[in-house]
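There are 2 protein chains.
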Amino acid sequence: MSTQVQALYDFTGEPGTTEMSITSGEILTLINTDIGEGWWEGRNSRGETGLFPAAYVRKVTPDESAPTKMAPPAPRYDQAADDWGDHQYSAGDNNYQRAASHDEGWDDDWEDDTYSEIGPGPQQSKQAVNQPLTPLPGMPISDLNHQIDDNSSTFGSSVGTVRKNKFAPSSKVSGESYLLGTLNVEVPDSDKIYIEQEGDAYIWSPIPQPYNVTVASPKKESKFKGIKSFIAYQLTPSFNNIQVSRRYKHFDWLHERLQEKFTLIPIPPLPDKQISGRYDEQLIERRRVQLQEFVDWMCKHPVLSRSEVWQHFLTCTDEKRWKAGKRQAERDNLLGLNYCISLVVPEKALLQSQVDHITEQCHIFMNSMDSSVKSLTNMCIAQTKRFQGPYKSDCQKVGEAFYNLGNALSLDEGTIVSTSKLTSAIKMAGGAYIEIGRMYEEQPKYDFEPLGDKFHLYKGIVGSFPDVLANHKAAVQKKKECERLRAENKMEREQLNEVFRRNNVISYALLAEINHFKSERTVDLNATMQKFLKQQITFYKKVVEKLEVTLQHFEQ
Amino acid sequence: MSTQVQALYDFTGEPGTTEMSITSGEILTLINTDIGEGWWEGRNSRGETGLFPAAYVRKVTPDESAPTKMAPPAPRYDQAADDWGDHQYSAGDNNYQRAASHDEGWDDDWEDDTYSEIGPGPQQSKQAVNQPLTPLPGMPISDLNHQIDDNSSTFGSSVGTVRKNKFAPSSKVSGESYLLGTLNVEVPDSDKIYIEQEGDAYIWSPIPQPYNVTVASPKKESKFKGIKSFIAYQLTPSFNNIQVSRRYKHFDWLHERLQEKFTLIPIPPLPDKQISGRYDEQLIERRRVQLQEFVDWMCKHPVLSRSEVWQHFLTCTDEKRWKAGKRQAERDNLLGLNYCISLVVPEKALLQSQVDHITEQCHIFMNSMDSSVKSLTNMCIAQTKRFQGPYKSDCQKVGEAFYNLGNALSLDEGTIVSTSKLTSAIKMAGGAYIEIGRMYEEQPKYDFEPLGDKFHLYKGIVGSFPDVLANHKAAVQKKKECERLRAENKMEREQLNEVFRRNNVISYALLAEINHFKSERTVDLNATMQKFLKQQITFYKKVVEKLEVTLQHFEQ
Chain A
1 MSTQVQALYD FTGEPGTTEM SITSGEILTL INTDIGEGWW EGRNSRGETG
51 LFPAAYVRKV TPDESAPTKM APPAPRYDQA ADDWGDHQYS AGDNNYQRAA
101 SHDEGWDDDW EDDTYSEIGP GPQQSKQAVN QPLTPLPGMP ISDLNHQIDD
151 NSSTFGSSVG TVRKNKFAPS SKVSGESYLL GTLNVEVPDS DKIYIEQEGD
201 AYIWSPIPQP YNVTVASPKK ESKFKGIKSF IAYQLTPSFN NIQVSRRYKH
251 FDWLHERLQE KFTLIPIPPL PDKQISGRYD EQLIERRRVQ LQEFVDWMCK
301 HPVLSRSEVW QHFLTCTDEK RWKAGKRQAE RDNLLGLNYC ISLVVPEKAL
351 LQSQVDHITE QCHIFMNSMD SSVKSLTNMC IAQTKRFQGP YKSDCQKVGE
401 AFYNLGNALS LDEGTIVSTS KLTSAIKMAG GAYIEIGRMY EEQPKYDFEP
451 LGDKFHLYKG IVGSFPDVLA NHKAAVQKKK ECERLRAENK MEREQLNEVF
501 RRNNVISYAL LAEINHFKSE RTVDLNATMQ KFLKQQITFY KKVVEKLEVT
551 LQHFEQ
Chain B
1 MSTQVQALYD FTGEPGTTEM SITSGEILTL INTDIGEGWW EGRNSRGETG
51 LFPAAYVRKV TPDESAPTKM APPAPRYDQA ADDWGDHQYS AGDNNYQRAA
101 SHDEGWDDDW EDDTYSEIGP GPQQSKQAVN QPLTPLPGMP ISDLNHQIDD
151 NSSTFGSSVG TVRKNKFAPS SKVSGESYLL GTLNVEVPDS DKIYIEQEGD
201 AYIWSPIPQP YNVTVASPKK ESKFKGIKSF IAYQLTPSFN NIQVSRRYKH
251 FDWLHERLQE KFTLIPIPPL PDKQISGRYD EQLIERRRVQ LQEFVDWMCK
301 HPVLSRSEVW QHFLTCTDEK RWKAGKRQAE RDNLLGLNYC ISLVVPEKAL
351 LQSQVDHITE QCHIFMNSMD SSVKSLTNMC IAQTKRFQGP YKSDCQKVGE
401 AFYNLGNALS LDEGTIVSTS KLTSAIKMAG GAYIEIGRMY EEQPKYDFEP
451 LGDKFHLYKG IVGSFPDVLA NHKAAVQKKK ECERLRAENK MEREQLNEVF
501 RRNNVISYAL LAEINHFKSE RTVDLNATMQ KFLKQQITFY KKVVEKLEVT
551 LQHFEQ
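From first to last, the protein sequence lines are chains A and B. Letter by letter, the first sequence follows residues 1 to 556 in UniProt numbering. Letter by letter, the second sequence follows residues 1 to 556 in UniProt numbering.
Just so you know, these hints were derived from the structure itself, not from any lab. Treat the hints with caution; some may be incorrect.
[Unchecked claim] Partner residues aside, some chain B positions facing chain A, computed with beta carbon under 10 Å:
1. MET298
2. CYS299
3. TYR391
4. PHE402
5. PHE532
As the structure is a prediction and not an experimental result, all values here were calculated from the model. Ideal Cβ placement from N, Cα and C applies to all residues, glycine included.
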C-alpha cells in the first residue's frame, strides 16, 4: 500500500519548475522521499505529480480518524515566509514597493516587536501536535495540568526569568505525554542521547565529534535597492567550513525553538537587548561577541550541539530548504519533557531523596549565582563607562595641566638652554597622560567588555535554571499525583511503573545538565578570569612603559 | 661725646633683674652695645642704668630736630607681646586664668583673624620711619605719591594677588626715599648683596655658605595645663643643628616681615589655608610639607636666606631675645625699595628699553604661568580626591563582585575537586582588587599631594610677581616723573642722576630676581616631575605585581 501524507500548510510551487502547489488538508500519495534537501515527491488527487517540502506534510497512519480535526489553523505563513530576509534576490524591481511596505519595521531586528512575527505560528502548531494525543482512560488531564500550573508558579517564579518568549508560559510542563507514558515514538539510534555515570556524577555522553563555529564580523546588507538595510553575521562551522549568513531574527527564531524543545536545559542567551544603537560599529561588534558566546556554548553542549534545528540553522544555505527546515522545526512534537524519549540513561533508578537534595542545593546555589553574575555584569558595564568616561578625562586633565605648564614655560624660553629640554619633557609628559587617557578609553574592549559578555552568558544560563528546576519539580509532582491515582485505583500498576521509569529519565537529564554546567563553568571561568587578568596586567604594564619613556626625557 | 638714643616704645623691665623700664620718647645715654642677643645697656635721665632691647630705641643724630615729632604712636605691645606662645613657661599657676582669657582664639593659628594681632604695629612704624625724611627742595612728594598710586593700581592690580597682609596696599611704592636719593644709610659690607653678570644674564651673587633647614614632624603642644593646645613645627638649620620650635603664627609673622621688606622679591607662600582640620594628622603633615617647601625656597634664595629676620626666626631659642628681634624687625627702616641701598650692582647702566622688554616678557610669562600653576594645583587636588574616592571604591566594587562570585561558587563545592582551586583563586582576585583599592587611597600622598604642594609654592611665587613688576614699574614711573621735574627745572641734574643710578639698581634687582626664579624652577621642576613620574611608575608596577600574583593562583 502506498504511503499517504496530508498537507499541513499551503505551499505554492514555483511556476515552470518541478514544484507542485499543495493546500492544507489535502491528501497526497508519496512517490519518492529520496529527493534530498527536504523535498518529497508526490501525487495529488487530480493525478498531478511534483515536489513539495517534506516538512509541509505529515504521514497519515491507517488507524487515524478524519484528518481535518488535527489540521492546525493555517498560520500566517504569507507573512512569516518573508522573515528570511534574503528574498530580495528574487524580488523584481516592479514589486519592491509591496515588499517594502510589507517589510515595515522588520529590520529592527534588535527590537522586541520582532517576536510577534513568528510568535503565534509555532505556538499553535505545538498545541496541534500535543492535543490529539489520546488521554489514558480515566485520567483527568486537565486536573493534572491545573496542579502543575499551581506548583510551578510558586516554585519557579521567584527568580527573574530571562526567557524572552512572551507566548510560552515559562514553567508549564511541556510535553507531559512523555511522562504519562502515552508518547511512544521510535527514536533512531543516531538521534539517541546517552547519559553516563562518571564517578559520583551523571553526565551527558561527550560530543563524539566536537566542532566549533566562528561568528565573523557582521556585514551591513541591504535590500530593496538600499531602502532597507540590516546586519547579517557570518557563521562558519568547523565541520564543513561553509559560511552561512544569519540575521538576528534568525537567531531569535532558533532561540525560541530551543527554549520550547529543551525545557530541562538552560538555553544560552542571545545578545543583550540593552546594547542599543543599531549601526554603531562597536555595538555591532559587542553583539557579535555575545553571539559567539551563545554559539560557543551551543557547540560545547552534548545535547544542544546535536539538535536538528541547530544543525539546520548552522548549515542551511538555500532559501527553500530553510523554509522547509523551519516548518519542520516548528512542528517538532518532541518538545519539553517529550524530548526525553530520546534519552538513554543508566539502569539504576535514582533515589528521589538524592535527587531532591541535589535540586535543592542547585536551587540555593543558582539563587546566589544569579545575584552574583548580575552584579558582575553590572560591574562590567559600570567599569566600562568609568574607563571611557571619567578615567579617560581625568588622565587627559592631568595631561593638559602638564602640557599647559610646558606651554607657559616656553613663553620664557631662549636665554637658558637647559629650560628647553625641561619644557619639551614636560610637554611630553602632558602628551603621555593624554595618550594614557586614550588607552583607558580603549581598554574596556579588552577586559571589562569581554568579561561582561561572558557574565551575560552566565546570567542567561543561571537565570534559566529556576525554570529548569521548576519543570523538573512539576514532573516530580505529576509522578506523585500518579501515585495518588494508583492508590485510588485510578491507574494501572504497569502504567505507574512507566511513569516512574520516565520520571527517572527526566531526573537523570536534570542531573546531567547540572553537572554539565558545573564542569563547563569550571573550565570556562578559569579561562575567563585568566584572560581578564592578563589584559589588565598588559594594560597597566603599558601605562608603566609609557611613563618610563616619559621619565627618560627629563635630564637625569 | 656719648651716644644718645631715644626710646621708640615703652618697655617694662622684669623686676629684680638687670632690665630697665623705658618710656617711649625718653632719651637715654648708651653705655654698652656689646651685651649681645639684642640687648643694650644705657642710663636714663634719672641716672639709673640697665638693659633694654636695642630694637626699642633709635640713635639720635646730632643734627636731628625735636625727637617728639618722630615718635610713633605706641603700638599695642601689651597685646602683641603675647603672641609668642611660649610664655606659659614663665606664667605661674596663679595667673593662667588671665592669660587664658587673653589668649582666647589665638590658637586658631590657621585662621585669618591671627593677622590682626600684629598688623597695625609694623604698618605704623614703617610710616614713622619714612615720614621724617626731608623732601628735597621744591619737590612735591604728595604729588608723586599720588601719581605712583595711580600707575600702580592700573598696572599691578589686574592679576590676583596672594599677599595676605590686608594692611599693606599691595603695589604702593614702599621705601621711595631710596629712589629719590634721600635715604643715605651706611650698609656694613657684611650686609651687602651683590648682583653679578653671568653670560647675558644678571644674577644674585650665589650664597657663600649654602645651608638647609629641615621642618620636622609637628608636635601637638599644650599650655595652661592642656586647656590650650597648638601645633609646633621643629626646625633644624644645618649650620648649627639647633632645633627651634615654631608655630604657624610665627611663620605668619615672618611672612609679613618678608613681604614688607622685599617688594622686589616674591616671598614663597605659607601653607594653603584651604587645608583645614587642625589636628587631623594627614593635614598637619600636609602643612609640614608645604612649610618645608617654604623653608627650602628661603634657604636657596641668595637674598632671603641671609635676611636678618629669617636668621632670627631660624636661630632664636630665647623668649627675650625673640621679642627683641621681633621689635627690631618691625622697626626695620630698609623696607621696600629702601632695601636696595644694600645692593651692589655692575657698573654698566641698563638700557631702559632692555629692561622694558624683559619686564613685559615676564609679565606675559607670569600671566600664563599663573593660570597654569593654578590649574595644576586644582588638578592635584581633584586627582587626590578621585584616587581616594571613586578610584578606590571602583576597585573595591570590582573586588567585591569577584569575591561574591567566589562565595556563590563555594555553595556548590565538594563534588569536583578542581572547582575548589578556582573558587579560591576567584576569591583571591576579589581580595587583590580590594587591596588595589586601598593602594589607590594611599597613593596621592606619594604623587599628587607632593606635586600639589610644589605647585602651591609656585602658585604663591608666580602670583606675587605681578606685584613685584608693579613695584618696579612704579619706580620707573617715578623716575620719569623726576625727568619731567628736571625738564621743568624743578630738580637738580645731580639729584636726577642719583635717581637714575638708584633706578638702575632697582632694575638690576628685578632682573636678578627674574633670573633666580628661572634657574631655580629649571632645576626644581625637573626634579619635581621626575619624582612624580617615578612614584606613578612605582604605583602602576605594584598594581601589575599584585595582578600577576593573583593570576598565578589560577590553574594554568
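Status of each hint after checking the structure:
1. Annotation: B:MET298 was flagged as interfacial toward chain A, and the flag is violated, the nearest CB pair being 23 Å apart, outside 10 Å.
2. Interface restraint check: B:CYS299 against chain A, minimum CB-CB distance 22 Å, threshold 10 Å, status violated.
3. A least Cβ separation of about 8 Å between B:TYR391 and chain A falls short of the 10 Å threshold, and the interface hint therefore holds.
4. Hint status for B:PHE402 relative to chain A: holds, with the closest Cβ pair at about 8 Å, below 10 Å.
5. Annotation: B:PHE532 was flagged as interfacial toward chain A, and the flag holds, the nearest CB pair being 9 Å apart, inside 10 Å.
Hint check: violations occur at hints 1, 2; the rest are consistent with the structure.
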